[in-house]
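Go ahead and model the full structure; you've got the sequences and the hints to work with.
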Amino acid sequence: MKKGIVLAVLGLLAVGAGPAAGDEERFSLELRGGGFNRDDAGYADHAAVYGLSDPELAGGGVVEGGVRVLPRLWLLGSWSGWTTVGSRRLSELSVENQALLAQVGFTAYREEFDTNGVAWWLRADLTAGAGLYTISDDLEGEGHRDRGPGGRLGGQLAVGWRGIGFAVSYGWHLTGVRIDDRVGGSIGAGGHEFGAGLRFQY
Amino acid sequence: MRPFTPVLLLFLIASAAGCATDDILGNEGFEIDCDGQPCDWKLLEGTADLTASWHDGDAGADLSGSGRTVIEQRSAPFTIPGRELLLTAAVAREGASLRVELDWYVAGAGDGPTYWDREPLLVDTRGFEVDDRGVFELEELVSTPSLEVSGLALRIVKDGEGIAIVDEIALGDPVAEVTP
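Those sequence lines, one after another, are chains A and B. Number 151 in my numbering belongs to position 151 of the first sequence; there are no gaps in the numbering. Number 125 in my numbering belongs to position 125 of the second sequence; there are no gaps in the numbering.
For the record, the hints were derived by calculation from the structure and aren't laboratory data. Computed from a prediction, not measured in an experiment: that's the story for all the values here. Cβ atoms here follow ideal geometry from the backbone N, Cα and C, with glycine treated the same way. Be a bit skeptical, because a hint or two may be false.
Covered stretches of chain B (chain A as the covering partner; in silico rule of three or more C-beta atoms under 8 Å from a C-beta of chain A) [as the list claims (entries may be wrong)]:
1. 34-46
2. 148-158
Residues from chain A that keep clear of chain B, each with C-beta distances beyond 10 Å, as calculated [as the list claims (entries may be wrong)]:
3. S53
4. L70
5. P71
6. G81
7. R88
8. S91
9. A102
10. G117
11. V118
12. L132
13. S136
14. H144
15. G155
16. L174
17. Q201
Examples of chain A residues lying across from chain B (beta carbon under 7 Å, computed) [claimed, not checked]:
18. H46
19. Y50
20. R182
21. V183
Structure, rendered in structure tokens:
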């Protein structure tokens, strides 16, 4: 139901925004690196108490490709992967989470500028989508794994020249996918994603 | 070679001082395996799983369940830097009561291949109750009866029913733990 409302709103905004410029790009590819603050309910604190580093924060990246299907309206596919590795003496705790998502994007703002003969552009996009989430951990060969559906709401700001640009992004991942420890703690594949990287568009 | 002698001496003194602040206990994380059981630790009473703590892959002493359970580690010989030592451990406790007991010994005059075979003398038994609940890092100052003690039997005693998981147990110089 919520997804339907989001899609309807994006559709109306796309129509209301009017036709895009004739030279608006049709394809995009973004490669972003960054950090992920996982939803934690005790697991990360427990790991820290037992001498392993806190796995609440992770590093990783996103690959996101898109195609414009209507003026200002995009269909996007993305894969993101995030990992944390903490060590204590010879032991190593690794926690990984991934998301494979289909998203709808709306170009909320897009403008081209000319500064002393140099043409450049600036754009802001809002995205919403859903897909498959996984999370797993491993410590001395023992671990847990979970996977299931989830959704993402996000936005990104990009600035560039011709077909190449720099993008910064934020994404809020909502999912019940999680793993539990033995003392009542859990950590989830949901959370807050922050990234920055390159944007290619054509 | 001669000019280096004072430097070498200083290095040896510093090294010896460093040794004195090391952990008195061994196998603090229960991860060193001796034929399927953690080396240095012994189950004296009750039942315990000594292979898992907060995570299936992290060895520790899971004393959870009902009834009394006691595990022990004996350590000797050692020298201590002062009469006050800091005991640290990672603990998960809910319901069950948990007590730490420390038997302090001085070396005996008997014969035998090990410190314990030479009939060490028990000087004092000291201990404390663990009051905190949940999952936490335990830090407790303990005092030894004398600077001459050179042997320790440390026991973790669980009573009652509930969760009691202990891991990363260390005992050393409290000064070394101070962050400047």
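- Message: I'd like to know which numbered hints this structure contradicts. Please list them from smallest to largest.
- Response: Of the numbered hints given earlier, those the structure breaks are 1, 2, 7, 8 and 14, listed in rising order.
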